[in-house]
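K.L.:
As you go down the protein sequences, you meet chains A and B in turn.
Numbering of the first sequence is given in my numbering, commencing with residue 298 and proceeding in unit increments.
Numbering of the second sequence is given in my numbering, commencing with residue 298 and proceeding in unit increments.
Watch out, some of these pointers could steer you wrong.
Computed list of lysine to aspartate or glutamate pairs in DMTMM-like fashion (alpha-carbon distance at most 25 Å, straight line) [stated by the list, open to error]: (1) B/K465 with B/D582; (2) B/K490 with A/D499; (3) A/K509 with B/D582; (4) B/K465 with B/D574; (5) B/K509 with A/E594; (6) A/K490 with B/E594.
Example chain A residues on the side facing chain B (calculated, C-beta under 7 Å, incomplete) [claimed, not checked]: (7) G429; (8) Q491; (9) M492; (10) K524; (11) A546; (12) W586; (13) L588.
If you are wondering where the hints come from, they were derived from the structure by calculation, not from laboratory data.
A quick note: this is a predicted structure, and the numbers were derived from the prediction, not measured.
Here a beta-carbon is modelled for each residue, glycine too, at the ideal position from N, C-alpha and C.
2 protein chains.
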Amino acid sequence: MIRIPFEAAKDELRRVLLSRDCSADKADTVSHEMARNSLDGTYSHGINRFSRLVRNIDEGIVQVDAHPSLIHAFGAIENYDGNLGLGIVNAQFAMGRAIELARTHGISLVALRNTNHWLRAATYGYQACEAGMAALCTSNTMPNMPTWGAVDARLGNNPLTLAFPRAKGHVIVDLAMTQYSYGAMEAALLAGKQMQADAGFDRHGALSRDPKEVIASRRPVPMGCWKGAGLSMLLDAFAGCMSLGSMVAGIGRLPGDEHGVSQLFIAVNYRMIAPADQSEAILDDAVDWLLASQPQEEGRQIVYPGQRAAACQGENLRLGIPVDERIWQEIKSLA
Amino acid sequence: MIRIPFEAAKDELRRVLLSRDCSADKADTVSHEMARNSLDGTYSHGINRFSRLVRNIDEGIVQVDAHPSLIHAFGAIENYDGNLGLGIVNAQFAMGRAIELARTHGISLVALRNTNHWLRAATYGYQACEAGMAALCTSNTMPNMPTWGAVDARLGNNPLTLAFPRAKGHVIVDLAMTQYSYGAMEAALLAGKQMQADAGFDRHGALSRDPKEVIASRRPVPMGCWKGAGLSMLLDAFAGCMSLGSMVAGIGRLPGDEHGVSQLFIAVNYRMIAPADQSEAILDDAVDWLLASQPQEEGRQIVYPGQRAAACQGENLRLGIPVDERIWQEIKSLA
């Protein structure tokens, strides 16, 4: 593991994107956000995934020169075709448009079809927070999770973010609908560890914390079992139907690596009905009370949602972003 | 267990409400929805909870003659004070208002503070579906769930519903943030059964499926562990801050039975950008594909979210609603 300063990481990703005929502003956006994902500790969706993005560009799945085009608009809701453009650029455009609409209407919804992986859901939550708005965003994915009681994957792990701005640190969740990602299970397997909670099913159909069993069965458990399965289906319906795009079922029929996903962006300009000083006092009080919880073990830190990412960002800004040396060499060798 | 026809159940609840100086239309609404909750199989939030509602009315926690009053309005977002009125009446009003606003703006948000238990989250999802709209609604609760790594309850199990209309059966989830309710654990304990998934923590702080252990520790596990804990906090922030009401922290400070909760209602008039025939074809295809999943055991039925409630409604309309005889006698004795 080596440590790369944020700006150096960003510059290296930017160099490769420019070599793929990315415009300067798009290369800037994508390199900034992918380096930031690693900076905030979401390593799986930052620098570690960059080579896959470049491969997807080279395969033609991601089209660096595409822009979203409007399909329909009505009041505060709009849907767009992402034209298979860069996932981060498309998603930032959509959230930007949602923020604009919410300035007039108080709330807005932008649905986006035929787009690509947005990398980290929280990115668009933070984007809204920086504009003083709350947000809810979701994306669907390729089929990668069986529904409750089934063995074959016909749901997506459809990430969901909810974000609420706060001067002392935004409160934000970013959660996939599986309890653990395959990446997390593979890391535990390498380290010879069991998962802390049930990760999926073993070959006999029993819930199991053994990453080896779950990776073999291809049956990761939805977060909250039947609850996460149901939520996954609803998020998929919201994103896929409102964008007139693909639901998970449709994404599964497309050949090649995951592409053509559907996303949803809701921005809430809540300060127009709940003045910032009053609403923030309510939130600060609740955060303080939560942080005063009695920990299970002495010395264990209780955190609010978003606190770990903020702390990680501070540390990685100071020390540099930890990157696997092979991954870094692979990126440097991309020409 | 006896079986009571839907109309007879509704009439009996209505009689009691009228004896508590409820207006005829409010008595009609509350008796209809509580009987319907039992009809749809949500027994814990239907007839079984009616005596508690009457007690709350008698204690003055629920004020049968109160109406919501507007606090602020901006475009498609509004917040109201529920003035401690009947939870179902207030929530139906709020969703009705959200539907009205979404007709103009495409999407809307109504936040409601100082209201009472809405009984079943799905009620307001169905209300939107009947108007051809999708919905997201949430309520906060008294503190009843510790956050991840903590032992004392400082989060609520804040129910969440997402609903999407469909001619062949609305697709809808209604989920509390705990994996199991205390009611479900008590029922399993009586039946001498273990829970199917981890229900909470035992006295040693380990995840456990034993309802006895979890009831004793008062540490139910959030759905998806840390994920449900985070989601609970965000839903609480949305409902409490946008309504300028109480977050879970504040509800915990009010004396007496749970009251003065905060709720949020979002309606999406998505058909204005995603015509019904096109969006419904996308959803029907995904539902059909999901239902064709390979079940874990031969003969096991795979369902879409909302299917069980619809099936239960059909059965209970035919056979009558199953009600515990003592509960029914208690209601009949209320004068």
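K.L.:
For a quick check of understanding: which of the numbered hints are violated here, in increasing order?
P.N.:
Checked against the structure, the hints that fail are numbers 3, 6, 7, 8, 9, 13, while the rest are satisfied.
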